[in-house]
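Participant: Start from chain D and add chains C and H according to the hints.
Protein chains in written order, with our numbering: chain D, 1 to 237; chain C, 1 to 53; chain H, 1 to 228.
Please keep in mind that the hints were generated in silico from the structure rather than gathered at the bench.
Only a predicted model underlies this, so the values are computations on that prediction, with no experimental measurement involved.
Hints may be right or wrong, so weigh each one.
What the hints assert, rightly or not - Covered, in the sense of this in silico footprint (three residues per stretch, anywhere, with C-beta under 8 Å from a C-beta of chain D), are these stretches of chain H:
id	stretch
1	24–38
2	118–126
3	169–175
4	207–218
5	221–227
Claimed, not checked - So these bits of chain D aren't anywhere near chain C, every CB distance computed over 12 Å:
id	residue
6	Ala30
7	Gly59
8	Pro60
9	Phe66
10	Trp116
11	Trp171
12	Ala199
13	Ala229
Just so you know, even glycine gets a beta-carbon here, dropped at the ideal spot from N, CA and C.
Residue-level listing of the chains:
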Amino acid sequence: MDKGPARRDLMVTVLGAVTFFFMLVALLGALVWAPKEATMGDVQRIFYFHMPSAWIALGPGFTVVFALSIAYLATGRLKYDRVAAASAEIGVVFTTITLVTGPLWAKPAWGVYWTWEPRLTTTLVLWFIYVGYLLLRSVAGDGHRRARLAAVYGIVGWVDVPIVFFSIWWWRTIHPRVLTSSGFALDSRMTAVLMVSLAAFTLLYVFLLVLRVRIESMSATVQTLRFRARDRRGGGV
Amino acid sequence: MNATGYLAAAYSIIWVIIAAYVVYLGRRQAGLRRQIEVLQIEMSERDEPGEQG
Amino acid sequence: MGPVNALGQAWAITKKDLVAELRGASTIVSMVLLGLLVVLVFNFGTDPGAKDVTLARSGVLWAAFLFAGVIAVGRSFATEKEAGCLDGLLLCPVDRAVIYLGKLVGNLILLFVTGLVILGFFTVLYNVGLGAGSAGLVLVMALASIGFSAIGTLFAAVGAGVRARDALLAVFIFPLLVPLIIAAAHVSTVLLAGQGLGGAGLWPWFLVVYDVIFLAISFMTFDFVVEE
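Looking at chain D on its own, in the form it has when it is part of the complex:
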């Protein structure tokens, strides 16, 4: 038991170091090694961090919330709820990065900060859903009550997102815009950098998740200890 926490800390630190390393490699790849894009120039390099950010936010981030919400409702184990909460918070971070870098890329590349393009718009809706999830958790108290309500929201939200994407996409084929944010051709070096960046962001997600889940557990421990302390104070003489 004594060795446990120390070893865990070590592993987390190693994970952190590896993550940092990958992020640096990805950064170098994106800014230096990747070829300059023909039409958009250097601004296109934002893509290498923008896209993986979006994938993590929409993919593992949100799906973990969904899957663990179901797992919690099925089993009643709070551990699932804790990881779901952590994943949601990290999801907000990644979604925010996506929504900030998107317009910063769009403006110089296509002349406008925003287009009601399905992916970007869906990401915006996703942001609201994530934030709503966290907001719900903040007013729902704690423990099982909070877990139940959050789980329901996590499930409904996840089902909704693909529908949102589809409806926007379909709507836009009817109301076409002159500007589409479709991109550019990816050559092999670009793909390589993108893959490294995706790996880096996945590691980052996992690393942050581990840290954040630990905080949730510690928070729960504090609650339990407080309860016990109160009990004793009340019961003892």
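Facilitator: Chains C and H alone, transformed into the frame defined by chain D:
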């Protein structure tokens, strides 16, 4: 702001956001650790027989 | 318990709520007034001369609908929680799904009626000649009301548990309703422009599918929300 400016801004913001979040996590963890220590000390004091007060 | 019996119980819940509603009438009155006001206020933001009903215009219709709807569903569990009736309701040997259905239909009726009033006001203000489109518009309003009520009732129960105010409720449900609004706005634009439902393509079916999906999910998850 020219194109490179946007590029610099985008990457800077990404790193700032990530760094800020990691720092935030670190501080929360430290705070919680302190709280746990305090509470555990409190608990062990109460366990001790013949305590004063 | 047979299905007919369950429906009867659900209807009893609906009736109870609606009767309480009509007695005070404050909810439906504020819903209608708010909806009409939204249409009025938004009008000042759009070109007064334009005669045709653009997508922006019919978007106003649905914004009004959304705000009115949040009031309705926000109330559907609020009075219970205040009076402590929710526990009483739960003590009845009634399936949770029946409670959900009862609340759902209550919200649905309130919202549908309000929606029709708003729609009527809207067509008058914008001098829209309806004719063949009116049946279609009623249909869209019905489908939108179903979808809204499905999600709204579920989250009203969630909100009741956490004392969420209307604004918070809106924050929870508006993002989820985006597809509904897109579809409803599109179909209503087509109809208000004088084309029949045929001009709206498959979008009415989209609304149907959306309603089915979220009715199903809400039914399935409602139990978890209401357990104590």
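Participant: Any hints this thing doesn't respect? Which numbers, in order?
Facilitator: Hints 1, 2, 6 and 13 contradicted; others consistent.
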